[in-house]
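Line by line, the protein sequences are chains A and B.
Going by the numbering used here, the first residue of the first sequence is number 1, and it counts up by one from there.
Going by the numbering used here, the first residue of the second sequence is number 215, and it counts up by one from there.
Simulated from the structure, these hints should not be mistaken for lab results.
Fair warning: there could be bad hints in the mix.
The calculated lysine-lysine pairs, modelled on DSSO-like cross-linking and capped at a C-alpha distance of 27 Å, are [stated by the list, open to error]:
no.: 1; chain 1: A; residue 1: Lys212; chain 2: B; residue 2: Lys239
no.: 2; chain 1: B; residue 1: Lys354; chain 2: A; residue 2: Lys38
no.: 3; chain 1: A; residue 1: Lys212; chain 2: B; residue 2: Lys426
no.: 4; chain 1: A; residue 1: Lys132; chain 2: B; residue 2: Lys252
no.: 5; chain 1: B; residue 1: Lys252; chain 2: A; residue 2: Lys38
no.: 6; chain 1: B; residue 1: Lys239; chain 2: B; residue 2: Lys410
2 protein chains.
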Amino acid sequence: MVRGLSSRRSNARSAGGDEYERKRKAIVMAAAAVFREKGFAAANGDDIAKKAKMDRASLYYYYGGKQEIFRDMVGEAVTGNVLMAEQIAASADSAPNKLRRLIEGLFSSYAHHYPYLFVFVQEEMTRLTKDKSTWSITMKRLDRRFDDAVIKIIQNGLDDGSFNPGDARLMAVAIIGMCNWSHRWFDPSRGIEGAKIATAFSDLVLNGMVAKQA
Amino acid sequence: MVRGLSSRRSNARSAGGDEYERKRKAIVMAAAAVFREKGFAAANGDDIAKKAKMDRASLYYYYGGKQEIFRDMVGEAVTGNVLMAEQIAASADSAPNKLRRLIEGLFSSYAHHYPYLFVFVQEEMTRLTKDKSTWSITMKRLDRRFDDAVIKIIQNGLDDGSFNPGDARLMAVAIIGMCNWSHRWFDPSRGIEGAKIATAFSDLVLNGMVAKQA
């Protein structure tokens, strides 16, 4: 039966169609809400089916399990971040403003896609190099496109003299690391909010900590 | 036999003594070299015994396995970092210099303790909260002491006006994140060296990216 379901699922997926996409999207939204409420590890198929207002069998017609939903969700979240970074990089704003918008956008995304985007950053991101699945290859490409967009923003500021001379790639990993490390401590439901962290981090990297002499 | 060895090991450990400590240290040094050469996952007891110039049975008299050596090694590395941070925080230097020395010290430690310190940052650090072993509790305390030392350095600069106003804790997690994220990309055997990264990162957080107007 599992095999029958699985082949029906891939047929439905390749056939696609609006109704299929609509249902799939509804499941992803429901799963996101469940992951936010119960945490990723504790959530199960029953919770997700209940939240999506369908029975378990219907859910499994669309998805093989929690992990498959997770991958779709993370894929959409990371794609959104990459498109955001590329749009910011291509925009007409000044380099410092672009960097600030990027950091704000990232923390807004972390909060919106909490906690599954952080689960990805912690558990899956480092395994991408070893894993050869289509999903991993796609995610690796997205990761590189994100890095490239950040480097482009910084290079842009180096070229027009708005940034102090330096290595664009090193500055990029510094900023990306500063933001991504928040998967260890940022919880949008308590403590300081994402927008305030983004402002503090932007001020820190743009203006520096050392007080300017009067 | 395993049980017999294990109890002889704990007897030897609690009896302690100079000879025991000297041998244990030699094994830790040998294991560190093996982990650097072969990577943590590929290394095994035979490699470590060979490098320490002892047979496998003698090695197992001192250590139950790779994981136990790893924990001892990481414990020493992290203790070293905490003592360094606390000494810097307590020193008479200016706050910007202290922060620079801290970042330099961290990258020097990452390089010296590569790759097992990074294995810890990636794989074990997040599990400390759940795990109730003596080792985990010790590591959690060390982690907090490190954070506190960084916060103290920053608070010191805020108090004497050498740093721009801000939230000391947020600045601390920004800097710690920027440095710790290097476990995903820094390899002391190739690419840019630790000291250069430390300088670039210190310049970034102290002076900021935005070029000062003439």
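Now the hints, each set against the structure:
Note on A:Lys212 and B:Lys239: the hinted pairing is violated, with a Cα-Cα distance of about 48 Å set against a maximum of 27 Å. Distance check on the hinted pair: B:Lys354 and A:Lys38 sit about 25 Å apart at the alpha-carbon level, within 27 Å; holds. The straight-line distance between the Cα atoms of A:Lys212 and B:Lys426 is roughly 10 Å, inside the 27 Å bound, and the hint therefore holds. For the given pair, A:Lys132 sits about 23 Å from B:Lys252 by alpha-carbon distance, which is consistent with the 27 Å threshold.
Restraint check: the Cα-Cα separation between B:Lys252 and A:Lys38 comes to about 40 Å, which exceeds 27 Å; the hinted pair is violated. As the CA atoms of B:Lys239 and B:Lys410 are separated by approximately 31 Å, the hinted pair breaks the 27 Å bound.
Taken one by one, the earlier hints fail for this structure at numbers 1, 5, 6, listed in ascending order.
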